[in-house]
Amino acid sequence: MLAVGRAIRGAVGFLTRIPVGGGEADWEAFRRAAYSLPLVGYLVGGLVGSVFFLPVQPPTLVAAYLVGLYLITGVTHADGLADLGDALAVHGDVDRTREVLKDSATGVGGALLLGVTLLVLALGVLSFAGIGSWRAFRLVVAAEVGAKLGMALLACYGRPAHDGLGAQLVGELSYRAFGPALLVSLPAVAAAPEGLAIALLAAVATGPAVGLAVLTWGHRTLDGVSGDLLGATNEMARALALHVGVSVWILT
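Going by the working numbering, 18 is the number at position 22 of the sequence shown; the sequence numbering is gapless.
These are calculated hints, taken from the structure and not from any lab test.
Treat the hints loosely; a few may be bogus.
Here are the simulated distance ranges between beta carbons [claimed, not checked]:
1) Ala193 <-> Leu50: 22 to 28 Å
2) Arg172 <-> Ile194: 25 to 31 Å
3) Gly64 <-> Gly17: 19 to 25 Å
By construction, the Cβ of each residue, glycine as well, lies at the ideal position given by its N, Cα and C atoms.
Given these sequences and hints, build the entire structure.
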């Protein structure tokens, strides 16, 4: 149990700005525990999803969600998304693409992908208007858990593209570590409100689907997975999962 606690504390420190303290032992435990990623998804989703219980208008809910989300998680993963956008826009070999990913400056491609993803995220939250606070809360949690499960897929099935923070995580885990991560994600679908179970399942599944797409691109283009791709997967999966979840709920 001590190892589990250390892994979760390490994951909270890696994925959020919540001051949990911790040290090298927590980081090492986290690197070996892919299941800690979706567990933190419950924490983040629960915190930001609580805004849907506020008695305010939908645009204010969107603003509260976005402000709360990035106060809790910071902008590190969004920076990875911007770097991915720049890499997608560049024409060149593997070395050139890796160079762009490492460049701290944000180009047109990065600004565009970041802006579009934030717009998609905001519209996804706005689409929850009228579905009820509890349903919206459950969908937000499912989307967050799914996004972290997508990160776990990259970490477990990817190979390091180069030395760096991402390589310390990707290089440590194997595909066997994905099973426990998947298992701890299932409660996000449990005890679903009437008619919401399939939508919650779809929201959770969106994360690994995005992760698989990013993993395939990374292996083909970079010959591996970097920390930027982990962050980009988190941001894109969250935004898409909100739309998938509410769309499936409407259709079913």
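Structure-based check of each hint:
1. Ala193 <-> Leu50: 22 to 28 Å: holds, 26 Å
2. Arg172 <-> Ile194: 25 to 31 Å: holds, 29 Å
3. Gly64 <-> Gly17: 19 to 25 Å: Holds, since Gly64 and Gly17 (Cβ atoms, about 22 Å apart) stay within the stated range.
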